[in-house]
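**Q** Each chain is listed here by its residues.
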Amino acid sequence: MKQIQSLFEARWMSSLIFLILLFLITGIADPAFLSYSNIISCFNTATMYTLLAVGIAFVIMTGEIDVSIGATLGLTAAMTGLIAQRDGSVVVMLLVVMVVGAVIGLVNGLGVAYFGVPSLIFTLGTNSVVRGLVYIMTDGRTVENFGGTIASYGNKTLFAQITVYYAIAVALVAIAHFVLTRTRKGKYFIAVGDNAGGANLVGISVLGTKILAYVLCGLFAGIGGFVFASKYGQVMTVAGNGYEMTAIAACVLGGVSLSGGLGNMVGAAIGAVIMSSISRLLVFIGLPSTYDNTITGVMLIVIVVVDALAQRRSIEMSRRKRLLSRTAENTPEGGVKA
Amino acid sequence: MKSMLKKVFKHWEVFLLVFLVLEFVVFGAANPKFLRPQSILNSIVNYISVCIIALFVTLVMITGGIDIQAPSIIGLTSIVIGVLWSDAGMNIWVAVAIAVCIAALCGALSGFFIAYCGVQPMVVTLGGSFLYSGLALLVSGMSATPAYQGISGFPAKTEAGEFVGFRFLGKGEILGVPTQIAIYIILIALCIWILHYTKYGERLYLVGVNPQAAEYSGINTRAVIMSTYVLSAVSAALAGTLLTANINSAKYNLGSGYTLAIITAVVLGGTLNTGGKGSILGTVLASLIICILRYGLPLCFDVSTQNLDLPVGIILVLVVLGREIAGQHMLSRLFKRRG
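Chains A and B supply the protein sequences, listed in that same order. Counting from 1, position 17 in the first sequence corresponds to residue 17 in my numbering; the numbering is continuous, with no gaps. Counting from 1, position 252 in the second sequence corresponds to residue 1252 in my numbering; the numbering is continuous, with no gaps.
Honestly, the hints are just simulated from the structure, not real lab data. The reader is advised that the hints may include incorrect statements.
What the hints assert, rightly or not - Chain B regions said to be covered by chain A (calculated; three or more residues, Cβ under 8 Å):
| hint | stretch |
| --- | --- |
| 1 | 1131–1143 |
| 2 | 1269–1283 |
| 3 | 1296–1309 |
To be verified - With beta-carbon atoms standing in for the labels, derived distance ranges:
| hint | chain 1 | residue 1 | chain 2 | residue 2 | range |
| --- | --- | --- | --- | --- | --- |
| 4 | B | GLU1173 | A | VAL238 | 33 to 39 Å |
| 5 | A | GLY286 | B | LEU1272 | 33 to 39 Å |
| 6 | B | GLY1257 | A | SER318 | 23 to 29 Å |
| 7 | B | ASN1091 | A | ASN155 | 50 to 56 Å |
| 8 | B | GLY1089 | A | SER279 | 31 to 37 Å |
| 9 | A | VAL103 | B | ILE1174 | 48 to 54 Å |
| 10 | A | GLY286 | B | VAL1021 | 58 to 64 Å |
| 11 | A | ASN155 | B | GLY1089 | 46 to 52 Å |
Where a beta carbon is used, it is the ideal one built from N, C-alpha and C, also for glycine.
Could you put together the complete structure from these sequences and hints?
**A** As structure tokens, then:
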């Protein structure tokens, strides 16, 4: 019973309820939406954002930010395409994207954690460096015509219309969630984000944890790039531009606090589904796609404002409770005076 | 000598100035064409939106916030002016005034959520950037002109080829200086006065350093924070107006790629994104450094404009790393760790 209660108090639960509400509202507007294949494809299209959001959640939890993941995704996608054009094997592609992503993450981590450059500034810099590399690697042209195995993977379903990639993404989310909540190292991320000084005092390596967070973030973005190339079959030089903002928004929707020390992977993954489903939902509600950005913006603002107000209320409630219990202890009659 | 170096490095603006002069020397030596004043001024005009908005985003960041919605307000202003003028048949100046008011409202809305509801500024302005660019698209749907085409034909160009009226803002000259740059200089002076010579400016710093202490000392921190977002939105509206007048076209997606450029200019200028530190002069110098880089590299070193991201990014990373290493005395810190 207690477990069920704590399940409902979990922050990601409210994101899930919100997602279900969204689906239901759309379903009321057009019952055709509530078919299995429609809902599943909402999840399937969220694959890339899920990967990015989970990756960046590690970084955000440690209290930093990474705006270079969009460019990282673009670079690794372009690399995947270029390797595919030369008939390279999938193993090589995966190795390359993971190594490249991890190296970019390592550079970010070193710059932010070791050299102490504010993370926003440093990752802005690496963002344009990596985007520049994309132009150089591709000669400023779109990488396309790389058929063969990888393009055919893009929409391959595993079972019950779930694509292979989304299944892998879900597995990665599950692993990340397990690591974060059940292992000692995983709890360090939250600890560092909550109170870096305190974490340092109890012997947690703040430096190591932050670098690890960035490496993981880059790694996930790299895998995202592979999925991008495989899914779309062509990679423009601007591929992934602005994805970092969507990923950050997904994290926020999932209850990851931008000031660090709070959040969970399941929420971030659900946030990614919300962010990527909006345009599909609008189609069913009957609004033209020109409303996309407006609705996204309104939703994002409403959610975070409601969340902030609810949080403030709960803080006030707990403070009042604390004060009341204190006065109750101090007065022998147990009288409670406001 | 060493202590003098230290002092110089403490003033980030000095370093930026040296870097800017160095740029002129290197580019000028590589290609004398670079030094033509007309081309330099033109390159600044091309970058003026970023320069202007960066000034006011500096104020936002000094209070510890961040504003990534300003570029979407450029597009919103532009299309509102276009639609009011061409489709509603209003006087162009009335249209501009209404557009600026709408922008101020947008800024006030985001600022309200940030200041009074305590939501993180990055998220609210991210939502704002979606919302306002979405609104711009919707407004452009009201026009008879297709959205991708852009509304053009703004008044006015005399037969002698002089620009008057609205387009004077974009293309005219005052005493040989392009109007846009004249306006930029006025805005710089205004910002320096606001930030460094008024009580309001002092409050901005106080709020950035310690909002609670500022609150207890009787400052209305919420109003102060909200006001910075209104100011930056109005500056974005101004930039949108100037841009529209310059290219003679009102489009909903003008300025859509400027987000990171603006933040880059502000943080390279030495403003901390945690608040409490920063200066207008630094922002101005940083904007000019990036602007000159983007103008000089293609001209003098044959870097194609498409490939500009890489060198600009590398220089940015090296500069901030260098500053961090010089400022925090890495070596002594390393020794301390061992000891």
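**Q** For each hint, tell me whether it holds in the structure or not.
**A** Checked hints:
| no. | hint | result |
| --- | --- | --- |
| 1 | 1131–1143 | holds (count 8) |
| 2 | 1269–1283 | holds (count 3) |
| 3 | 1296–1309 | holds (count 5) |
| 4 | B:GLU1173 to A:VAL238: 33 to 39 Å | holds (36 Å) |
| 5 | A:GLY286 to B:LEU1272: 33 to 39 Å | violated (47 Å) |
| 6 | B:GLY1257 to A:SER318: 23 to 29 Å | violated (45 Å) |
| 7 | B:ASN1091 to A:ASN155: 50 to 56 Å | holds (55 Å) |
| 8 | B:GLY1089 to A:SER279: 31 to 37 Å | holds (35 Å) |
| 9 | A:VAL103 to B:ILE1174: 48 to 54 Å | holds (51 Å) |
| 10 | A:GLY286 to B:VAL1021: 58 to 64 Å | holds (60 Å) |
| 11 | A:ASN155 to B:GLY1089: 46 to 52 Å | holds (51 Å) |
Consistency with the previously given hints fails for numbers 5 and 6, ordered from lowest to highest.
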